[in-house]
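Chains as they are written, first to last, in the working numbering: chain A, 21 to 222; chain B, 39 to 366; chain C, 82 to 436.
Think of the hints as simulated: they come from the structure by calculation, not from any bench. Note that the structure is a prediction, hence the values are computed from the model and not measured. Where is the CB? At the ideal position from N, CA and C, for every residue including glycine.
Simulated crosslink set (BS3-like; lysine-lysine; CA at most 30 Å straight-line): (1) Lys349(B) x Lys287(C); (2) Lys285(B) x Lys348(B); (3) Lys291(C) x Lys245(B); (4) Lys287(C) x Lys348(B).
Interface residues of chain B toward chain C, partial, derived using beta-carbon atoms under 7 Å: (5) Glu51; (6) Leu156; (7) Glu263.
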Amino acid sequence: MSRFTFPDSIASRPVYGTLEPKQGKAHLMIADAEGAEALLDLGMHNPDIFKNSHVIFIPKDTGQTYIGSLADLDPEQFYVGPSYDASVPRIRRVLSGAHMGLQVYLAGTEGLIGQAQNEAMQAGIPHTAIQSEHRGSVARRMQCVHCKGITEDVTTDPFVCSHCGLNLFVRDHYSRRLAAFQGVRVDAEDPGNIPVPVELYS
Amino acid sequence: MSAAPQKVRAGAEKIDVTISAVTPLNELVTRFEFARSDGEPFPPFSPGAHTIVELNDGGRTRLNPYSLMSDPSDLSTYAISVRRDDHGRGGSLFLHRNVSVGDELTITYPVNLFPLDLRGKKHLFLAGGIGITPFMAMIAHLERMGGAWELHYSCRSRALGSYADELKKRYPSKVQVYFDDQAQSIALENLLNGQPLGTHVYVCGPKGMIDWVHSMTASHGWPEENVHSEEFLAPQPGKPFEVWLCKSDMLIQVGENESLLEAMERSGVDAPFLCRGGACGQCETNVIESEGEFLHRDHWLDDDEHANGKKIMPCVSRFVGKSLILDR
Amino acid sequence: MTIQFNKESFRGDYTFHNSDWAIQRFPFPFHEDSYMYSVNMEQHRGGPEGSVYEKRFDVDEHYVSEMHDRALVLAEDPLRCQSLPHMTLAGWDLLELIMVAKSEDYPELFELHRNGDTWRWVNKPMEIDDTFTFLDETTLPYGPMEYITRQAQGDWCVLDQRDDMLWMDAGMVTTQADWSLDFDIGMNFFEWHAPVPLAHEMGIFKRALKFLLNIQQGAPARRLNWTMTVNPLLDTSPENYHKWGVQKTTLTPKNIGAKQHLRVELQTFFRLPRSNALVFPIRCYLIAFQDLVTIPKWGRRLHRVIRDLPDELATYKGFIANRPMMLDYLSRYDDGLATSPGVWPDLEIEPELQK
Chain A
21 MSRFTFPDSI ASRPVYGTLE PKQGKAHLMI ADAEGAEALL DLGMHNPDIF
71 KNSHVIFIPK DTGQTYIGSL ADLDPEQFYV GPSYDASVPR IRRVLSGAHM
121 GLQVYLAGTE GLIGQAQNEA MQAGIPHTAI QSEHRGSVAR RMQCVHCKGI
171 TEDVTTDPFV CSHCGLNLFV RDHYSRRLAA FQGVRVDAED PGNIPVPVEL
221 YS
Chain B
39 MSAAPQKVRA GAEKIDVTIS AVTPLNELVT RFEFARSDGE PFPPFSPGAH
89 TIVELNDGGR TRLNPYSLMS DPSDLSTYAI SVRRDDHGRG GSLFLHRNVS
139 VGDELTITYP VNLFPLDLRG KKHLFLAGGI GITPFMAMIA HLERMGGAWE
189 LHYSCRSRAL GSYADELKKR YPSKVQVYFD DQAQSIALEN LLNGQPLGTH
239 VYVCGPKGMI DWVHSMTASH GWPEENVHSE EFLAPQPGKP FEVWLCKSDM
289 LIQVGENESL LEAMERSGVD APFLCRGGAC GQCETNVIES EGEFLHRDHW
339 LDDDEHANGK KIMPCVSRFV GKSLILDR
Chain C
82 MTIQFNKESF RGDYTFHNSD WAIQRFPFPF HEDSYMYSVN MEQHRGGPEG
132 SVYEKRFDVD EHYVSEMHDR ALVLAEDPLR CQSLPHMTLA GWDLLELIMV
182 AKSEDYPELF ELHRNGDTWR WVNKPMEIDD TFTFLDETTL PYGPMEYITR
232 QAQGDWCVLD QRDDMLWMDA GMVTTQADWS LDFDIGMNFF EWHAPVPLAH
282 EMGIFKRALK FLLNIQQGAP ARRLNWTMTV NPLLDTSPEN YHKWGVQKTT
332 LTPKNIGAKQ HLRVELQTFF RLPRSNALVF PIRCYLIAFQ DLVTIPKWGR
382 RLHRVIRDLP DELATYKGFI ANRPMMLDYL SRYDDGLATS PGVWPDLEIE
432 PELQK
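This is chain A alone, in the form it adopts within the complex:
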């Protein structure tokens, strides 16, 4: 099951929807792992938009699972990349040549959605006009507010910052610009008293 219902939270925490076809001359779709299922669902009812679509897919640990079905949607351009970072130059090139009316669809983990959304915003698309659908892992991309380092794929609270080693608790406060949630030292007022980490949303 790739869908997860996030509990209600504060106003800065992103809320995801369900991808829907939008009017536009060109479509850019970026997905990772189970995010492919959201594109497949979109294609099931709206095969036509793929004629003008550029699909960028990062399988992560899903291997070959979705690649064949995505190719069957017959997008105008289809790229499978080994990692999100590796796909960034391509995403930037596509956006730099795009025209107003381009529709952007993002699907998969919060880390991918946040980072790709930031690229599209930098290119001049308001974030409210960028569609996103969460699928798959609920791991978070966290910024350590102290050292500024980003720790990817955080699944427990608290967790250890992969840069400075502090034990951080996971906040729901989220920065679109950093595409990350905020992590704050958990034992600042009682050094050494670190709670036992628990799975997020448990």
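Based on the hints, put chains B and C in the right spot on chain A.
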């Protein structure tokens, strides 16, 4: 906290000005230039801002909003261009006929309800007729700051194209002018399709043109945040009506040629306002009871609010019917 | 009057102190014996002579030392001052606003000489005398916002206004109540206030936003906010929380009067003319409990406010653990007598402590 409580006054702060130039541009449009009566420089303003000009028309106060069209970097003068409306309530006619160099007036500090989105990678301006005025200030600003822009300006005829020749001459590669009487029109669809990501479009002109641009950009997948419009609404004359103002505890008559807001002000009620053109939301007033029909003309309330009769914008909207009671 | 600038520190040995003048003009934030959120906006057009509300931007005895502290923070972490690319014009607006206001309001301390676009700025307390070209960034040592806010007390948030919303798109933030500009930059009004409890449900932010969107040129507004800080530490940033958080545990019944500070923010709001942005200065005033209780009315009232504050607010403001100790101390200054309405000290009418 109430350190020193001060009552919020209605409207923006005011400036006393003297008319320094009156320049007829064509049969319908005249430019008025102001200097500050105290000789000080004007406050700087952001392009797209308007000012409200206070006119004393034979004892009756008229407050009319006009876009500031002068170069925002020139603090020695503010300028507006006014199109004469022979069928309106007389504000523009009064300016055209009765105001001349040396006259003293009061205007408000600039208020901007039509600002540039300064993040825009490019600004595409669409003007219809007198809707050119805010773009004059925007163009001067972007030229100074090095911003990318393009103007498409539609007017009735060459003779009525205020500033068309001047703009075309100064910025030949950035300005396109279209004359209705030569059957020329903006090829909007092509224009929209070619714009780079991050372009913002701004339209100022008649309602039909604004609606056209909104629907065309929507159908071409433009985010609504990238589409900006300003329509100049003047209150329209209408049948007189009667209103009971609850808080003020008084019954007032709204005359044919005045707005509900003006009637309240005439009766000494200190009602809030800013734009006087149905756009800013400041004068929003709750309806306590009504029997009759609202003539909503504002851009502020949404369709549901227009339908349910619980609110009215007294700067532009009217009422026809038996009775109206307002929470003011 | 001529201000005597204190030589003092806001870190390490914490030599910060308030003179009797500073204590009496302290912006005490509670106008009655209880506190709950409210929009509490009023116009910012002066106030009683000598009060912190009198001038557009208050300058007091802490000015020079606060600016020194700001320079230390920025040297350690330049991310405390940031401006998104479209906010440069707003930065010039802010520079103009502050230079004009300070030179008019404090002519003995600041001078601005304008000759067309060539401006000369003299800041006597900081020994600065610079000539530059207005709107030409290459003629200043920093961007316009950074240049002027290195010389102006308080934090400065510069908010872009678009789509009926305010956006935190630039700022100088080194004396903050535990929020990070680097993290919050680019957020909208509701998003950067997201972590604040209760107020969203109460509709406070919706009403406040509506008010702020309509603030016009020439008609600034103000309000107060408050929190608590152990030690007179200006830089209570999340960035350094792992260093200062532990200071909260150093409070003892013996040192609380000197160490525990009420932290008040005088927030003002000005429309910026050229950019149509809104600037939101947040000026921080600190006062030690032992100084505050020298004003009998304030001692009585602070005890009652802290005692009756909802737990959520005490938690959010970061003093829930120390509240019992604070109440022990403050109760000694509350004799149960009625207090006069309003925020002023009212030394002439309020009786001495009856204990």
